[in-house]
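A.B. asks: Construct the complete structure from the given sequences, taking the supplied hints into account.
Sequences listed follow chains G and R, in order. The working numbering applies: residue 67 is where the first sequence begins, and numbers increase by one. The working numbering applies: residue 67 is where the second sequence begins, and numbers increase by one.
Read the hints as simulated data drawn from the structure, not as lab findings. Careful: at least some of the hints might be erroneous.
Because identical chains cannot be distinguished in the list, a pair is counted as satisfied if it fits within a single copy or across any two copies.
[What the hints assert, rightly or not] Simulated crosslink set (DSS-like; lysine-lysine; CA at most 25 Å straight-line):
| id | residue 1 | residue 2 |
| --- | --- | --- |
| 1 | LYS352 | LYS191 |
| 2 | LYS376 | LYS302 |
| 3 | LYS284 | LYS146 |
| 4 | LYS294 | LYS185 |
Since this is a predicted model, take the numbers as computed values, not measurements.
Protein chains: 2
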Amino acid sequence: MREKQLLMIPGPTPVAQPVLRACSKPMINHRGPEFAELQDECNRGLAAAFKTTDDILTLTCSGTGAMEAAVVNTLSPGDKVLCLVIGAFGDRFAQIAKTFGAQVERMDFEWGQAVDERKLAARLKQDSAREIKAVLVTHNETSTGVTNDLAAIAAVVREHGALILVDAVSSLVAMDLRADEWGLDVVAAASQKAFMLPPGLAFVSMSARAWDANTTAKMHRYYFDLQKAKEFMDKKQTPWTPALPQMYGLQEGLRLIEEEGLENCFARHRRLGSAVRAACAAMGLKLFADPAHASNAVTAILAPEGTTPKQIRSLLLDKYGVVLAEGQGKLKDTVFRIGHLGYVNETDIMTTLAALGAGLHQLGPKVDLGAALDAAHRELTATSGAQT
Amino acid sequence: MREKQLLMIPGPTPVAQPVLRACSKPMINHRGPEFAELQDECNRGLAAAFKTTDDILTLTCSGTGAMEAAVVNTLSPGDKVLCLVIGAFGDRFAQIAKTFGAQVERMDFEWGQAVDERKLAARLKQDSAREIKAVLVTHNETSTGVTNDLAAIAAVVREHGALILVDAVSSLVAMDLRADEWGLDVVAAASQKAFMLPPGLAFVSMSARAWDANTTAKMHRYYFDLQKAKEFMDKKQTPWTPALPQMYGLQEGLRLIEEEGLENCFARHRRLGSAVRAACAAMGLKLFADPAHASNAVTAILAPEGTTPKQIRSLLLDKYGVVLAEGQGKLKDTVFRIGHLGYVNETDIMTTLAALGAGLHQLGPKVDLGAALDAAHRELTATSGAQT
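C.D. replies: Set out below in structure tokens:
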């Protein structure tokens, strides 16, 4: 029964049966009327998820491709950008900008911490000549399990006037993001996170300011040319052949999200995140993230003394079929991660925590499994609308 | 019964049921042992299809992404490249090279014709200073239904010493391509053509010469960085989250190809191509391609006098559920196209030709449907190993 697994990593996330079934529908002409209808319906659902009336372009690629699209469609080589880095994905965003010729200024915060908006505000205030063209920020940092206060960051950037490019790959649909209200210029997201879809599609929203910047942006782009994507979207097509299975899945996944209700979906993620953190505390486990900014999509947990992340992950996979993620970058030998976003419910969380407690017990650390599950249960049954 | 369709376009092509079912398997950890096995098996099958021992990198994108990867991983801005253009896809390859800063010299051949190797040889002979770094060529030009003699072109390029970058998106598996024997440096292919898979994956092979060029290639790349793809492939992973449904499908599709036998698969495509051409001749239809270089994957047909391609395509879709492709670029109002590659058999061809004949009859042109089907039948039942 090796294939019977509970996939608790921050992407790919588990996919609902109706979505998987949708992914296996026969092919259609991507320049025909059926595709036009499919794309229209998906675009309506995406607009609701992004909370925007901006254009949202659908690309066949991973979230990294969407991040590249965000950068190369709004900037020129030599442009000064400020990259807010709190982990591996912030680092990746900065690497992309540098690769395509931007003059990158990094503002690094200790891994585990969130962006300090006051430091950002102070830096932008110094930039009286408005040399900084764009601020690049990660909404939810998957490597550390930290969520930035995007509303606050966006307000600071809007005050300055730079573009704000947001990596929302692991945040969108799992937590609130309001592209219009917060004035976000480019928001990059992907299918295999809270959208509850297989990997293969990514989404990029473009504000009017972003389109303005696009007219003079000279970074090299062809596959990721959003102007071309927009031109074809207006004809109800895509410039290149799209990943049809994921488009079918998106149509179905967006219906599931609508059925649950986006705000209920956020509340579910808050319950799941709180439950994992409460249970870890009850087991005496240390979390990597600053508790004030802990992510409701993914939790990075320090392997307790006498164990390694690898031991824990292997035992949980082999004995319980529970798949946890390894640490990224410099955290590889320090933390393991539980993804709790997308098609994940209360039962999945209880199962994962039970397996984790039992597994740790076998590896040495004394953990109180009953107390952990009690703590989780309390959070899972708390008023669903509770704000964190 | 609007959804009951026979998809006869040159991609996306029809997908076999076992492949569609494979696409709907549950997600797995793309950094775990199951993915390692999946990728290994796929790589063995791809090596057989490409007839190479070179590295083959699997990317999540369309064929156009693979073409971009071919260019940006082997060239630097300012490099001189010679683009052999016989249609819309050759034009696209040239556009990509230009976009990323290459100094593009085009050798255009009339649409409908193949590359004349003697002209290519003459041009390369003039280049005694070896300024031309790479020759970019389309194996099978989907817009015109013309197949280049890639073996002959490659021999000329090898004599000169430039890299040869091949767009094999609509040729691979439908017709013979021998990356090692012919000395092809980079071969770009995609999932939704003769591989009989949904769109979403692309494949790029890199010869030792191509990797050498890669060490000094300065064109901007991040998502399509093949060095990073290779580094992760060696760890049995991909740098970015891959399109898992299409990877599952690839595993199954490669098994189907192995079961049929690659050479039998080529022979089937030859039979299908011959049958379409013979039937068109019997119906008095003019083909766009030079008969000496007609493609066995796709046929471009001129709309007979008194009809438009749009009329023909609409009637066949609405009345018979047979989906044909429109003309591309400047051929939009002149031709329609029948795709006959991938998961297409003799019956599909007979059905398509019957619908086409009946449809034309309704639009005015007098066609002898019986003669057309007789002609097709003769070609379909001719000795399968016949070379074209």
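A.B. asks: A separate judgement is required for each hint: does it hold in the structure or not?
C.D. replies: Now the hints, each set against the structure:
1. Proximity of LYS352 and LYS191 under a CA criterion of 25 Å is satisfied in neither setting, with 37 Å inside one chain copy and 69 Å between copies.
2. Within a single copy, LYS376 and LYS302 get their C-alpha atoms only as close as 47 Å, which misses the 25 Å cut-off; across copies the closest is 17 Å, which meets it.
3. Proximity of LYS284 and LYS146 under a CA criterion of 25 Å is satisfied in both settings, with 14 Å inside one chain copy and 21 Å between copies.
4. Taking identical chains as interchangeable, the C-alpha atoms of LYS294 and LYS185 are never at most 25 Å apart, the minima being 38 Å within one chain and 34 Å between chains.
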